[in-house]
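Q: Going line by line, the protein sequences match chains W and G. For reference, each letter of the first sequence is one residue, going 378 to 572 in my numbering. For reference, each letter of the second sequence is one residue, going 368 to 465 in my numbering.
Hint data in this document are derived by calculation from the structure and do not stem from the laboratory. Beta carbons: idealized from backbone N, C-alpha and C, even for Gly. Mixed in with the good hints, there may be bad ones.
Unchecked claim - Listed next, with one range per pair, are the computed distances between beta-carbon atoms:
no. : chain 1 : residue 1 : chain 2 : residue 2 : range
1   : W       : Ser383    : G       : Asp417    : 46 to 56 Å
2   : G       : His431    : W       : Pro517    : 28 to 38 Å
3   : W       : Pro480    : G       : Arg433    : 26 to 36 Å
4   : W       : Pro520    : G       : Arg393    : 35 to 45 Å
5   : G       : Ala397    : W       : Gln543    : 48 to 58 Å
6   : W       : Ser555    : G       : Gly389    : 32 to 42 Å
7   : G       : Ser398    : W       : Ala541    : 50 to 60 Å
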Amino acid sequence: MAERQSPLEPEFHVGSHGNFEHGVEILLTETRPGSIVQLAAWPGEEKKLIAAIRTVTGLALPDGAGGGSSDGVKSVFGFAPGKFTVADEAEGLAAAFAKAVTPAIGTVTDLSHGRTAIRIAGPKAEWVLAKFFAIDFALPAFPVGAGRSTAHHDVFAQIQRTGADQFDIYVFRSFARSFWKALCHASEEVGYEVQ
Amino acid sequence: MLITCPYCGPRDVIEFTYQGDGNRERPDPASQNFEAWNAYVYDRLNPAGDHNEIWQHSGGCRAHLRVVRNTLTHEISSVAFVRGDHASAARRKAEDKA
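Extracted from the complex, chain W is given alone in its bound form:
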């Protein structure tokens, strides 16, 4: 397997940055999942696809638009009617889904090399993201595990809340470095650490 290079590398500077004299309030990192897969069900086959997701990942999808869950290794969330994003630390998720999701149920698209996953965590994570996206990041409106699809200046982003103050953002690989730089600039005023 070819070694995967991070698109963030020239701008990925480990350490504390910005106004961190009073403490670091944002942690930024790249989660580098081995697999990122997009699944779509044909009309009426959504339940079978959700069952297949459970079989392959062991994760049960909660009811509701944008519902999702994460066990820290694997993550899944709905981002559109009948469509789901699944990520796994290990490689080979697309092959596993290709067996479980038959052509009669839906489609499997391997995006492992097409998306970059950026994690933003810390007490000011909601506050920084609110500068980027016009959606409600409050915990009651955006529960842990849930996913949202939105855009920042036409850069499409899928956001999953993986903790009370932690979010994983999936952006196009080709836009990832620019998005990362913007995220760093936005975090400067509260102090951030890149890990």
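Model the placement of chain G on the given structure of chain W, informed by the hints.
A: Only chain G this time, still in chain W's reference frame:
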């Protein structure tokens, strides 16, 4: 202007793309009825009031939506999926709407 997507909830209009008048009916592609084609391409009601429109949530779930928008006030009085079989995905309750 906010459009409450049945899947994503209330979102800024910047995330949506206008897909045209929702009252049009496309003639059969094999049709030779030029009047029907002319009406499909050019005739619009242009009402001062409620207007049926098709919008795509292109910066979100990418679903196509039937929107009723008041052309005088920009008030959105109804939003629904164009595809009826997506209705089950609209699991956000009415009280969640902004």
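Q: Hints first: check each against the structure and report whether it holds.
A: Hint check results:
no. : hint                            : verdict
1   : W/Ser383 x G/Asp417: 46 to 56 Å : holds (51 Å)
2   : G/His431 x W/Pro517: 28 to 38 Å : holds (29 Å)
3   : W/Pro480 x G/Arg433: 26 to 36 Å : holds (30 Å)
4   : W/Pro520 x G/Arg393: 35 to 45 Å : holds (41 Å)
5   : G/Ala397 x W/Gln543: 48 to 58 Å : holds (56 Å)
6   : W/Ser555 x G/Gly389: 32 to 42 Å : holds (36 Å)
7   : G/Ser398 x W/Ala541: 50 to 60 Å : holds (58 Å)
In this structure, none of the earlier numbered hints is contradicted; all agree with it.
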